[in-house]
Every structure is written in structure tokens, then in C-alpha cells.
Amino acid sequence: MHETYSLTNLQQLEAESIAIIREVAAEFENPVMLYSVGKDSSVMVHLARKAFRPGKIPFPLLHVDTSLKFPEMYEFRDSFCREIGADLRIHSNRASLEAGTNPYDLGTQKCCAQLKTQALLDALREGGYDAAFGGARREEEKSRAKERILSFRDRHGQWDPKNQRPEIWEVYNTRINKGESIRAFPLSNWTELDIWQYVAQEKIPVVPLYFAAEREVVERDRLLIPVYPGARFLPGEKPSRVMCRFRTLGCHPCTGAIHSSARTIEEIIAEMMITRQSERITRVIDHDAEGSMEQKKREGYF
Amino acid sequence: MDVAELLRRNRESGLLRFVTIGSVDDGKSTLIGRLLYDSKSIYEDQLSSVEKASLRMGREEVDLALLTDGLRAEREQGITIDVAYRHFATPRRRFIIADCPGHEQYTRNMVTGASTADLALLLIDAKLGILTQSKRHAFIASLLGIPHVVVCVNKMDTVGWSQEVFERLRREYQDFAARLHIQDLTFIPVSALKGDNIVVRSQRMAWYHGMALLEHLETVFTGSDRNLVDMRLPVQYVLRQSADFRGYCGRLASGVIRRGEEIRALPSGRTSRVKSIVGPDGELEYAFAPQSITVCLEDELDISRGDIVVRPLNQPRVGRELEAMLVWLGEEDFRPDKPYLIKHTARTVRGRFTRLHYRIEPEELHREPAEGLKLNEIGRVDLELFGPLVFDAYSANRTMGSFIVVDPVSNATAGAGMIIERAKGHGAPERVGADAAPVSHNITPHQGLVTAEARGRILGHRPAILWFTGLSASGKSTVARSVEKRLVDSGHLAFFLDGDNLRSGLNRDLGFSAADRAENVRRTAEVARLFSEAGAIVIAALISPLRQDRANARAIVDTQRFIEVFVDTPLEVCEQRDPRGLYKRARAGEIPEFTGISAPYEPPESPELHLAADRLSVEECVDRVMAYLKNEGCLGGPGGAPSGGGAGRRA
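Protein sequences appear in the order of chains A and B.
Numbering-wise, the first sequence is residues 16 to 317 according to my numbering.
Numbering-wise, the second sequence is residues 24 to 674 according to my numbering.
Hints in this document: simulated from the structure, not taken from any laboratory.
None of these values were measured; they are calculated from a predicted model.
Hints may contain errors.
[Unchecked claim] Residues from chain B shown here face chain A by an in silico Cβ test under 10 angstroms; the list is partial:
{"#": "1", "residue": "SER36"}
{"#": "2", "residue": "TYR231"}
{"#": "3", "residue": "HIS232"}
{"#": "4", "residue": "GLU238"}
{"#": "5", "residue": "HIS239"}
{"#": "6", "residue": "TYR309"}
{"#": "7", "residue": "TYR381"}
{"#": "8", "residue": "LYS397"}
{"#": "9", "residue": "LYS508"}
{"#": "10", "residue": "LEU639"}
Beta carbons are placed, not taken as given, at the ideal position from N, Cα and C, and that holds for glycine.
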């Protein structure tokens, strides 16, 4: 029998991610996996299941809910977690929501600071989590390209890009003091194309919003902004039905769709091969200021 | 193209990780920007953001460096301050670039980026030439054992695309690199700014016949860089699913594991058989490095996180003492005797460094006695552990031979260590094994107050070891003897160690098996070291047919002092000379394991000196050796120790 000793690119990435997930699970007392319902989260949870098969994932999933996600995302989240038997925890910044925080009145940046960053930090503190997995990839954004796989956060959840722990070979320094924490990024070395190829290969379920359909949208600055209950528009803007899909999923007021007719994963991959735009362009929030992601990350955002 | 086709390509293409290293202003970020830009790996919005930034900063053209200089602080200062990872793919390969900052205080980031790389891309500015920084970078690449090194001589546009400049820099760099351990060294003349020889072959440097950089990256063969021989499975996590399922999870550091085979868990030493192997997609017959797997055993052994699963007949070392090269990364200085935490694979033990042999000055590779190590300094240390560790040499196994040092107070990652082949107080390493009980020899070498170099100064030269290797009857001893005479005649203390003479005394218990030959080389190297530490210029002449043995000799003595001289006489000529009739007898089958006839001779790949001894006279050979010594500053000359007897003598 001919034996092979080579791994595909995806198998190499998979082996590396599984090793990272196991290392964090073994070294920390109370880890948690951030689950944002998107494609990257789906892949990360899939890898966590593989890491402990035939056992269960030995830590809970945490969804930081802004309550502004697409309805399709909530539906998907609940059925997906039920199906795999995950221990899902949900946290929202209730006080802020009750005070009526929304991106229209407050601006995207401040809304994010309240409903995402603050909510996340509160959830981690309240849960007493000493390590949190995130699905961020280095390829996504410039400041993420500098992120370690295990990234140290001080007592206030802050990141100091100038003073990162050197990360040598695959030996991770997991020592922290009480109150400090680690963010772990098992998908660091994956690209968007890897994610989709892996979704196709492993038949991982994803939210249907990733696939093209006719949707009610308003076109503004080359972005297609979806029309959902409560969405506000500028004077003169009229919704129309456009064939489109979402490349990334966030809060519906701040996430744009792209023109697309890709109805299957295969078509999405084909589209990816010729796309000339990075995925973060569909996030309204990143346009605020050059370097805005770095600023948010310093404050504790994922 | 359909997805099936894409996935097939993906399967065949594989992944290459490389690190880019260069000094400030060598144009490294521009080179990466150019690779990404010309291979069409940049999205429109990323490009437009860079265009915006270039405009704001008043640049005339789009500054490709801005694509890679991610963080705001460094964009403002115009320098890269931390390792940034970039991704791009061509139809042939997918690449992950670790882009490393070049200035000195960030050596630790470079070590980070280089530690997982298959290939290092070093940049030299054609106009400025080889800076001390460039040497430091090559040294670290060699220290971390990166198998492939590509030197890009950049900014060729500023020297009029001159072949002469390129060739001069290449020679200069090769001379330096000969003293390092670099398996594969390639030079490419490029201009990142203009795009010459980056993605396509340059029209302006028709004299260059090699590949463009991207083509080289796409085709360099990395298949044999992995160790698939020594099975090592560090246990990361123990999965206790139910009463009848206990699995040991881990990522294979090296080798292949098979269902049904006998295994041994270290350090406990208990054995069992592999009942099943669970891979990411279910049960497997076998698994190989670097797969992440879960292994179930026939027997219930008490194995926990940090243990290493191996084969009973191929075991790593188990011990509480080891020797390593240490790169210090801590803000706080390294202090011998302070306890640190040592994390090696999945095991963390406390330990202390009992001895700092020396510090290496990375530009000229000098060894200096030192009391401690500061941030970014590199030294050779002895480490004593408070619990047993299971390890291999870094040169044979990157994962099993590496560890990090964690400061138990600040929790900072304070150091990175690479374990050296030679066990402290042990014989040749291959003789250790079968009995894997923890060992401690309680031998503490004392460091004198005087260095070999200081003794050499009294003698008016720098101590060195000329290691002559070559076939029997190649002329090693003849040339060596004449070199000894010439040196002594010109007032230098030289001493000749003849292989045959040693075999009739010190080594008379040794035969010619591979193990005995290795031991012969080891003892000779130890003796050579002692003589050279006493200040002499030592000349050793041994067939020393195996590369590994000569590499061991180099490690035992002193890389800085070791000069490998290849006495290259073709086998036919040696056989014709046959002064003692040995070849004849070997051909007749009377002498077993005779080098060149029934045992292999592995010629050196990059000896410091190569003597074509069949075409040169003995005198000419001696001239070359003398010229080399003079050139290296061993005999004095500009900047070196003064030659002759008296001038260097201290009052």
C-alpha cells in the first residue's frame, strides 16, 4: 500500500488549530470560546469539537449579543448550538440597551464601545474566564497581522501592541496573574479563502445570509445596507430589491452586503478567487478612521 | 474552475512559511509589498488606503511598504516594530510571511518570526554592503536552524545593476556564512522598488541566470526538512470520556506512529501498545508529524500531560541536566542561579542555569566570557532542572530540542533555548539510550579566569584548530606535518595530532565501526580543544568520513576556532598511491569498513579550506593554509594579534 506523509494546506492549518485549542484547554482553569455566529466562529467550534472527539467541548461558548444582529443569526445560533449540544452563554450590556444605545444616535464607534467591547469585558469578568478563544485571523486587518496566537491582556482587558510576549516555536507562555487573561486565536493563520474551502470540505453549516438572495437594501457609498425593522435611512434613500449576499456578519445597521449571485459555497469560492476587495470593507465601522481597529483592540475589542 | 479542482490544487500546493529579515532601510517592507502587489494578493480597498496614507505623508508614488507596516506608531516613525504576518498564494504554493523588524533592540521579535520558518529571506542593501546587522541576522537564522536561506541583494538599481557589486557581496557573505550552519544558501540580485527579479526575471540584469525570487520560493524543496524518523508524541491533554475511553491527545513532534506498535511513555518508562489512533476525521492506521491526534493504548498507564510517547528502540534523552544555546529576551538581565520556569513541549519544570560558558558576539562570532546576559544577547549555558525532562538535540528535532524560559515573578517570556547535542558529562550521545532513568552526574566544570585567546596573545597568535579530513592516503598527514613545521619555524606554537598516532595510544581500544569512528572523532576533538585552550594552534588529521561526526567535533571544540580543511584527492589517486597497501587489502576484502571502498566518505559541503591535493604540491597546500590563517587574523596582520614572538607579550 502506498502511504502518504504529506498534509494539505487545510490539514496543516487544522492540525495547528487543534493543538492551540488543546493547549489552552489544558493550561487554563476556566476558558471560554467566543461565538459570534459567523463563518469563522462556525469553523472554530467545528475544530474544537474535533480536538476533543469523541468527548464534548470542555468549555462553554459565549455570545456577546448586541441585540442588533440579523434575525437569521439568532435562529441559526439557537438551532446550531442545540444540535451540537454546546453549553451556550449569552451576555448583553443590559444597562446600555435599556438606555437606548444605537448606532444611529450615538455613532458606530461609541455604540460598538458600549454594546461590544464593554459587554465583552463585563462578560469575561463576570464569568471569571482566564482565557477566551476568538476567531480573528491575521489576514483580516493590518493590526490583526501583528497579533500573537496567545495574546496577553492586562487586568482591564487591554492589549499593548508594543509590549507583546515573544512567541517562539509553538511553545506558548500561559502564565498569568489573577485578574489577567489571555485571548487565544486558533485561526490566526487562516485566510478567508481557507475558511470557505474548509466549510465546503467539512460541510459545516453557516448562516444563510452568506448566500445570495434578493434582499431589501439601500445603496450608499458602494455599500448595500440591509433594510430591517428599525433601520434608519438618509432623506431620499429608497430601498430596492437587489441580488446580494453578506461576506461578513455583524450588527445589521452596520454591516453591508455585496452584489453577488453566489448561491452555493462553490460559487462563493469561485467569487472569492476573483474578488478585489477585502472582507472588512463591508463593515461600516472600519471606515471611521485610519487605524480604528488598532484603537479598539487596545481597549479590549477582539 | 470548480471547487473540486481548487481543493485538488490546494492539496498539491502545500504551505511555505518564511521570515524576512533586514536592517532598517534595507527595503524589506517594500520587497514584501512588491511580492504581494505583483502576485496580485492585495485587495483594492487595502491599496486605496495605502494610497491615501502615501498622499498624506507626502510620498511621490504609492509606498508599498505601507502595506506591511501595520501599526499606527510604526507608520508614524516609518519603521516596523513588531512581527507582522502576511498571507499570499500563487497557484503553486500558499505562503505565510513573518515580517521581522531589523533593528537591534527587537532581536526578540526576529527570533519569534524565525522560530517557525522553513526559509529565511535576508536583505542586503547593494550600496551599503554587508552591515554588522546583516551578519547578526544570518547568525540568528543559523542558530534557529532555518534550513533554507535566500540572500536578496536589494537596491541593485542604485549600483547600476552591476554584476561586479553583486559578486563581491556574494563572496563576502559566503565567507562569513561558511562559519555558520546553513544548509542551503542562495543569492538573488533584486530591486524591490522597481520590481526586478521579484516576480519575473529582470531584463536589466541579463548576466543573472538564476530564478526570480518568487519562482525560487515556489519551488524550493522542503519535503526533507521534516523529521519522520524519530517518533515523538508529547501528550498535551488527557481525554477521559468514559470508564472505557482514555485518550492521549497531542501533536506529533516528529516521526510516524502506527496502530498495534509498541510504545514507551517517558519519563516513567512504562510500555504498552497502540490500540487506536483518532485523527481529525476518525480512526487512522498511522499518523505522522505534524498531525494532531488522540492515541488510545492497550493498557492503562498513568500518563499525564507533559509525558512523551516514543518507540522503545528509539528514545530521546531523559535527564535533569542539559546544555543549550540561550537567546535572552527578558527586560531583566539573565542571572545564573536564579530559578526560572522552563517550558518544553507540554511540560513545565523549574530549573536554574548553573553555568554560562560564554556569550557570543554575533557580528564576528567571537566568544566572550560573561557574567550574565542582557536583552538580545546569546550564550551557551548549562541548565539544571528540578524534575526530569525528555528531550532531543535541537539540530535533530526542532520541537523536542527547544524550550522557553519564563520568569516566575513577572511571567515574562525571558528566553528561548536550543538544546545542544552533547550531554554534559556523557560520552557520545548515541551511546545513551536503552536505560532511560534520570541521570545526574553532579559534575560542575569550573570556568577559569583566563581565556584561550588571552593565552594565545602571549604566544602572539590566535588559537585555532585545523581539522584535516580526507581519504586514506590523500596527503592529510603529509600536508599537516609541513604546516606544523612552517608554523613553528615562523615562531608559532603549533601541535600536530595524527589520527594513526592517536589510535595507537589514547584510542587504541577503538575499531572502525560507525560508533567507534564517532568516538575516535570525539576524543580527538576533546584533545584538540584542550591544546587549543592552552593557546596552541592544533592540527588534527583524521579521515573523519561522516559529516555528522565532523559537525560534532566542531560543536565540541569551538565554532570560532574550528577550521575544516578538506584534503580532496580523488579515490583513484589515493588507491594508486596506496603507500601501505591498505587499499589493495581492502579490495581483497581483508579490511572491513575501509573508507572509500566498503565504507562511505561524505565530502564536506562548505569547508573553510578546500585543497585539491592531487593538483597542488605539498608546498602549495601549505601556502594556502598559511594564507588562510593570516587572513583570519590567527597569525596577526591588520587588526589581529601581532605575529612573531614578542610583540604581543604582556609586560
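(request) Under 10 angstroms, Cβ to Cβ, is where TYR231 (chain B) needs to be relative to chain A, so tell me if that hint holds or is violated. (result) 31 angstroms, violated
(request) May I ask you to test the interface hint for LEU639 (chain B) with respect to chain A, counting a Cβ-Cβ separation under 10 angstroms as satisfied? (result) Interface hint status for LEU639 (chain B): violated (46 angstroms vs cutoff 10 angstroms).
(request) Have a go at the HIS232 (chain B) hint: is there a Cβ in chain A nearer than 10 angstroms to its own Cβ? (result) This interface hint is violated because 31 angstroms lies over the 10 angstroms limit.
(request) Using Cβ atoms only, decide whether SER36 (chain B) comes closer than 10 angstroms to chain A, and label the hint accordingly. (result) 6 angstroms, holds
(message) Min Cβ distance, HIS239 (chain B) to chain A: is it shorter than 10 angstroms?
(response) 20 angstroms, violated
(message) Given LYS397 (chain B) as an interface hint, is its Cβ closer than 10 angstroms to any Cβ of chain A?
(response) 15 angstroms, violated
(message) Less than 10 angstroms between beta-carbons is the criterion; does TYR309 (chain B) satisfy it with respect to chain A?
(response) 7 angstroms, holds
(message) Please check whether TYR381 (chain B) passes as an interface residue: C-beta within 10 angstroms of a C-beta belonging to chain A.
(response) At 22 angstroms from the nearest chain A Cβ, TYR381 (chain B) fails the 10 angstroms test, so the hint is violated.
(message) Next item in the hint list is GLU238 (chain B). Is there a CB on chain A closer than 10 angstroms to its CB?
(response) Hint violated; GLU238 (chain B) Cβ to chain A Cβ min 20 angstroms, cut 10 angstroms.
(request) Classify the hint on LYS508 (chain B) as holds or violated, based on whether any CB of chain A lies nearer than 10 angstroms to its CB. (result) 50 angstroms, violated
Hint compliance for this structure: hints 2, 3, 4, 5, 7, 8, 9 and 10 are broken, all remaining hints hold.
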